[in-house]
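Quick note: the sequence shown uses the working numbering, first residue 1069, plus one each step.
The set of hints was computed from the structure by calculation and includes no laboratory data. Bear in mind that the values here come from a model prediction, so they are computed numbers and not experimental data. Glycine included, C-beta positions come from ideal geometry on N, C-alpha and C. Hints should not be assumed to be uniformly reliable.
Derived pair list, reagent style DMTMM-like, types lysine to aspartate or glutamate, alpha-carbon separation capped at 20 Å [to be verified]:
no., residue 1, residue 2
1, Lys1286, Asp1133
2, Lys1294, Asp1148
3, Lys1190, Asp1275
4, Lys1095, Asp1222
5, Lys1286, Asp1207
6, Lys1220, Asp1275
7, Lys1095, Glu1252
8, Lys1220, Glu1252
9, Lys1220, Asp1135
10, Lys1230, Asp1133
11, Lys1190, Glu1144
12, Lys1230, Asp1245
13, Lys1095, Asp1135
14, Lys1190, Asp1135
15, Lys1286, Glu1159
16, Lys1190, Asp1218
17, Lys1294, Asp1245
18, Lys1230, Glu1159
19, Lys1294, Glu1252
20, Lys1220, Glu1270
21, Lys1230, Asp1198
Distance ranges between label pairs, derived from CB positions [to be verified]:
no., residue 1, residue 2, range
22, Cys1300, Ser1236, 43 to 49 Å
23, Arg1217, Gly1154, 26 to 32 Å
24, Gln1109, Met1177, 56 to 62 Å
25, Gly1223, Gln1101, 53 to 59 Å
26, Ser1236, Glu1257, 31 to 37 Å
27, Lys1271, Val1111, 39 to 45 Å
28, Val1111, Gln1131, 43 to 49 Å
29, Pro1166, Ala1235, 30 to 36 Å
30, Glu1257, Gln1102, 30 to 36 Å
31, Gln1109, Lys1286, 40 to 46 Å
32, Gly1223, Gly1154, 52 to 58 Å
33, Lys1286, Tyr1170, 18 to 24 Å
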Amino acid sequence: MGIVIAAVAVPTLSASATADQRPATAKTQAALQQGYAAFQQGVALKVSFHVNGTTTIANPNLQSDMDIGPGRFDGEISEDPSLPPGTLRLEGDLTLPPSDGYFIAFGFMPVTTTTEFTQQRKARGTATLDLLNQTSHVDMTIPLRIRARDAKQDGVPLAIGKNCGTASGAAIRMAGDVSLVPGEESVLESTYAIPPFTGCGEKENLDPLLTGLVAGPKNELITRLKVRCIGCLDY
């Protein structure tokens, strides 16, 4: 949850736009035009999105869904001479609140836990901006460490400790078209792997239990984005 956002050259919106093109949002259009002008001076365009999502854990010992958010992605889009013409650099920070989950482990054991997704370093990728249709094609990877706390098994506290989490970050790639029009929701679908767990257990080593329950490939993530601001003066 690296992320790449691809950027393509964007024409200026004009009165001659065809009927099947999306109606312009003047504020968004102006912000993007100002952003392109700023790029020429080496200034980045600030963007911010509201984020919600649902992840499905594929591990057959858990096989459960968990809601994520509401959170925020705050980023900057800028020119990078090392990228192809029309492609812009994107980097930013994803902030998510802790998520409470209810699972049925091994098909019969009720388990509740609080899960935290903590970004390890900047999300990075590329973006292509379409000013006429006010969209951006994005492709980026976000490195997130997954931590578990306050776990209970059938209502009984499970002493996993305060340092229980994945041994390394889960690299979540998000790619697709994102609307830059306020109020419109964009949906991105991702598949990612959850690394093994470490640091779990206050009195005994519970790393194998958490790893056996949660870790593994082909976990699914559906991310829903809505514009918070384009050309933000501040986040």
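Against the structure, the hints:
1. Lys1286 <-> Asp1133: Roughly 13 Å separates the two Cα atoms, so the pair holds.
2. Lys1294 <-> Asp1148: violated (26 Å)
3. Lys1190 <-> Asp1275: violated (28 Å)
4. Lys1095 <-> Asp1222: Judged against 20 Å, a Cα distance of about 52 Å means the pair is violated.
5. Lys1286 <-> Asp1207: The given pair, whose Cα atoms are some 19 Å apart, holds under the 20 Å limit.
6. Lys1220 <-> Asp1275: The given pair, whose Cα atoms are some 16 Å apart, holds under the 20 Å limit.
7. Lys1095 <-> Glu1252: OK: Lys1095 and Glu1252 at ~14 Å, within 20 Å.
8. Lys1220 <-> Glu1252: Not OK: Lys1220 and Glu1252 at ~38 Å, beyond 20 Å, violated.
9. Lys1220 <-> Asp1135: With a Cα-Cα distance of about 18 Å, the restraint between Lys1220 and Asp1135 holds, given a limit of 20 Å.
10. Lys1230 <-> Asp1133: Not satisfied, since the Cα-Cα distance of roughly 23 Å exceeds 20 Å.
11. Lys1190 <-> Glu1144: holds (11 Å)
12. Lys1230 <-> Asp1245: Violated - the C-alpha atoms of Asp1245 and Lys1230 are around 38 Å apart, more than 20 Å.
13. Lys1095 <-> Asp1135: violated (32 Å)
14. Lys1190 <-> Asp1135: Roughly 23 Å between the alpha carbons, so the hint for Lys1190 and Asp1135 is violated.
15. Lys1286 <-> Glu1159: violated (25 Å)
16. Lys1190 <-> Asp1218: The given pair, whose Cα atoms are some 28 Å apart, is violated under the 20 Å limit.
17. Lys1294 <-> Asp1245: holds (12 Å)
18. Lys1230 <-> Glu1159: violated (30 Å)
19. Lys1294 <-> Glu1252: holds (6 Å)
20. Lys1220 <-> Glu1270: This hinted pair holds, its Cα atoms lying about 14 Å apart.
21. Lys1230 <-> Asp1198: It is violated: about 45 Å lies between the C-alpha atoms, which goes past 20 Å.
22. Cys1300 <-> Ser1236: 43 to 49 Å: At roughly 32 Å between Cβ atoms, Ser1236 and Cys1300 fall outside 43 to 49 Å, so the hint is violated.
23. Arg1217 <-> Gly1154: 26 to 32 Å: violated (44 Å)
24. Gln1109 <-> Met1177: 56 to 62 Å: Holds: the Cβ-Cβ distance is about 59 Å, inside 56 to 62 Å.
25. Gly1223 <-> Gln1101: 53 to 59 Å: Roughly 57 Å apart at Cβ, these two residues keep to the hinted range, so it holds.
26. Ser1236 <-> Glu1257: 31 to 37 Å: With a Cβ separation near 23 Å, Ser1236 and Glu1257 fall outside 31 to 37 Å, so the hint is violated.
27. Lys1271 <-> Val1111: 39 to 45 Å: violated (54 Å)
28. Val1111 <-> Gln1131: 43 to 49 Å: Given about 47 Å between the Cβ atoms, the range holds.
29. Pro1166 <-> Ala1235: 30 to 36 Å: violated (20 Å)
30. Glu1257 <-> Gln1102: 30 to 36 Å: holds (32 Å)
31. Gln1109 <-> Lys1286: 40 to 46 Å: Holds - the Cβ-Cβ distance for Gln1109 and Lys1286, about 44 Å, lies within 40 to 46 Å.
32. Gly1223 <-> Gly1154: 52 to 58 Å: holds (56 Å)
33. Lys1286 <-> Tyr1170: 18 to 24 Å: Between Lys1286 and Tyr1170, where Cβ atoms are some 22 Å apart, the hint holds.
Of the hints listed earlier, those the structure fails to meet are numbers 2, 3, 4, 8, 10, 12, 13, 14, 15, 16, 18, 21, 22, 23, 26, 27 and 29, in rising order.
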